[in-house]
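**Student:** As you go down the protein sequences, you meet chains A and B in turn.
Note that my numbering gives residue 8 to position 8 of the first sequence, counting from 1, and the numbers run on in steps of one.
If you count the second sequence from 1, you need to add 139 to reach my numbering.
In short, the hints are calculated from the structure, not lab data.
Using N, Cα and C, we set each Cβ at its ideal position, and we do this for glycine too.
Errors might be hidden in some of the hints.
A few chain B residues facing chain A, derived, Cβ under 10 Å [claimed, not checked]:
(1) Ser164
(2) Asp456
(3) Glu461
(4) His464
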Amino acid sequence: MKHKWIAALWVALAFAALPAAQAEEDRAAQFEERIAETKARLNLSDEQLEQLTPVLKSSFEAQMAVLEKHGIDLENRESGNQKKLGFREARRLRNDLDVVRKSTLEQVEGILSEEQFSEYKKIQDERKKKMREMIKDRR
Amino acid sequence: MRSLHLRIFLAFWLIIVLSIVTAASLGFLYAERARSSLQSFEVSDAMIDASEALRGRGRAGLVTWLESLPFAAESVIYIVDEQGRELLDRQLPGPVRMTLRRSMMQTAPRQQRPSRQREPDSLRPARPYAELVGPAGEVYTLIVLPPQTAVARWLSERGGLGLAIIALLVSAGVSYLLARAISKPISRFRESTAAIAAGDLDTRMASGIENRSDEIGELAKDFNHMTRELQLAWQRQAELTSNVSHELRSPLARLKVALELARRETGELAELDRIDVETERLDEIIGQLLTFSKLDANPHEAGESVDLAELLAGVIDDVQFEHVHKAVDIDLRCDSDISINGYPLALRSAFENLLRNASSHGGGQIQVTVQAEGGHAIVEVQDQGGGVSEAELARLFEPFYRASTSGESQGAGLGLAIAARAIAIHDGLVDARNTDEGLCIEVRLPSQSNTEVTT
């Protein structure tokens, strides 16, 4: 009887951890997708890719942390119970994300050529717009 | 000359003395020449020749004699008949004509003279010119004028006019110099005070004026001293504001940490949410104060060429994102590529505050237009918020001023003041007016070709 209870508890825990694991997987896939896009558009060498990957990973994680801090869940943006952003909160979110983007640009500038850096800024702007659209479309 | 008072006094004195001396000299010269010609009067060869010509052939003889005179005669000789006509139909000099007319009037029969003429029967006025009497008793007046230079002749003919012209020229020249000596520094003072009133406390009177040793030089020194003190006081105030704001940030940060700790211990409480909101508001006000005081002291960034359309597009994007909860549509219309030399962060801050103000108070549709006009870039931000009262328009850009239509807006009244200050450091102007739709704020910035930003 005791073993049955323990087994049931393990099963419950496993089911509870499933969404978190799924989210983790989604984020990893999203990051991989970003790296692939960046590599293709900037025509990165292997050496550049090696240097750039940790910078972009830390930037990606910092962005996710900022979103989390402000209660934004982009994976479940159509869940119907998303928190509405007020003017001040939206401004703080914008400022926090800008700080991350600026810091990323400073680190990336030393790795990329002038042409690649200019293209990277375009990529960053596109992602910024996309993220803003996703934040706006939350329900 | 050391004193302006002395300069004005001497200038007026000089004008009066010059006028008197010129008038007296000309009058004296004229009278002296008349006296000289009367004193030197004697029966000359010319008179005898003319008399013989008249006796021999009458009027025709006189005409022939006159025509035979050499062209460049030393003296000018005129002969006038009883009707006042010169025999060769020449124009008589003005003073001669006047004297002759007076003489003819005096020698006319008594009944033909004006009634006011005082002349007893026993008195016959002297004739100024010799007379020739013909065989039939006809009388001709012989006028012999001494030789004259062209200038002397001009002066004798137009003496009064010449005097007036010389007096006018001399007095106009001296008056112009005097007026210029006074008005030029005064107009410089006016320009400087206008620049200071517009917020440019770096304005000083030029060293040329300051180094003058008269009252205007003293005034310029006092003026420059005043602006230096004013600038210093302003800088101290900006530093104080900046330091106070900076010092307030540290306890505010500790307050936020304490708030988070309290949340963890007590869970979500409405009071804690309220403290959070007010703390955030305080943080924002302090941030705005810091921005304002930094703009007042120095932009602290490098000046560069700024593409207005690009800058505005970014600001619009950010402001629209900030109002994600509210339907705010900002439309940008830019008729051409317009760049200005400026400080990007300060300009961004200016337009961000203008658009935030329009979004918060106007909402709905906001129209931003950029156009070039006579060396300036004109940016207009038009909202649909109904505007403000005319009395409030002039005060909108004062720090901490909140219009009565601000309603529930939580702003501190610093946004538009920051915008105005940021525009002012670019030598630009910002103005607000009411339109049919709402409030329209116009920003006028010198475009790239007209500006030089110093860093």
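**Student:** Are there hints from earlier that the structure breaks, and if so, what are their numbers?
**Tutor:** 1
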